[in-house]
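Enquirer: If you read the protein sequences in the order shown, they are chains A and B.
So the first sequence is numbered by the numbering used here: it starts at 521 and just counts up by one.
So the second sequence is numbered by the numbering used here: it starts at 76 and just counts up by one.
To be clear, the hints were calculated from the coordinates, so they are not data collected in a lab.
Virtual Cβ for every residue (Gly too), placed ideally from N, Cα, C.
Possibly wrong hints are sitting among the right ones.
Under 10 Å between C-beta atoms, here's a sample of chain A residues computed to sit facing chain B [to be verified]:
id, residue
1, Asp572
2, Glu573
3, Ala604
4, Gln608
5, Asp617
6, Gly627
7, Tyr631
8, Lys634
9, Leu653
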Amino acid sequence: MTTAAAFPSLGYDLSGLSSRTSRSDPYDFLCRENLRPPQSLASEQVRRDDIDERLDLDPCYRESNWNGEGADPVPDAAFEEARAFLYQFPAILPLPDVIAEPDGYLGLEWYRNKRLLYVVSFNGQGVLSCSGLIGQTKVYGTYYMDAGVPSEILRIITRVVQ
Amino acid sequence: MPGPVIDPSETVSRYLFKEDIRSDETIRYQAFLPSSSNPNLSVFRVFGLSDQEIWALAVEKVEPIRRKRVIARGDLSVAQVEEKQLVVQPDAEITSRHANIVDWPPDREKRATIAKDLAALASQQAKRRDQQA
């Protein structure tokens, strides 16, 4: 299932999102946006260390009922999916906050303000469950990371953080 | 004491913990996201209570279950909840003041989006003062 509302001021058509997205290399997208990919292996290692640190959440989130209200455990596979996603994520964009979600997903949140945020969530089953607010418009959809970060996700995140 | 029927003008409070609040003091969406296995979001009906009594309700009813300190709350009107096609369902025992937000859509992405919307609407949360600890 994929749905997203069109939001003209974004400069692109969010209504065109599809569940099996036509992917493009994230760097292609970023180059079109006049952004540059990272160059240094050392800085890439620093970024990977940062990613690993962000994903190092309290082990309690891997257990059932971690919030006392029946929360579902976040599976180890969700952490690994999120790690793989972030390792491929363009270094020119900021890293997200990592959030354990009560329905057993691991969320990566890019946040500017309470009405401008986007979250990519993982549950260890290979699906990217995405949702966010762009002003009064709600954007949401499911994607698959068959060969890299879906370009539509990069577009929305860029809109949030730019 | 609130009655058995919820009025749209009533306020319900969602008690919040440290991890539910961002550094800019807005509410994180996961505070309003129910689990998959138990898709009810716990709230309290605070009609007629003083601010001090609302925090006392947290100390009595929530902190023992969550085993940590409530630091804030997000207040929503029932009308705001119902605008999202959700239902505030009070417990049979009215004196508990407890209710659940129910009827979440089956689609996970829709639920997550509604949670973000509710968190944004409720972001004018009251923060618990130290003397009320």
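Enquirer: Can you name, in rising order, the numbers of the hints this structure does not satisfy?
Expert: 1, 2, 3 and 4
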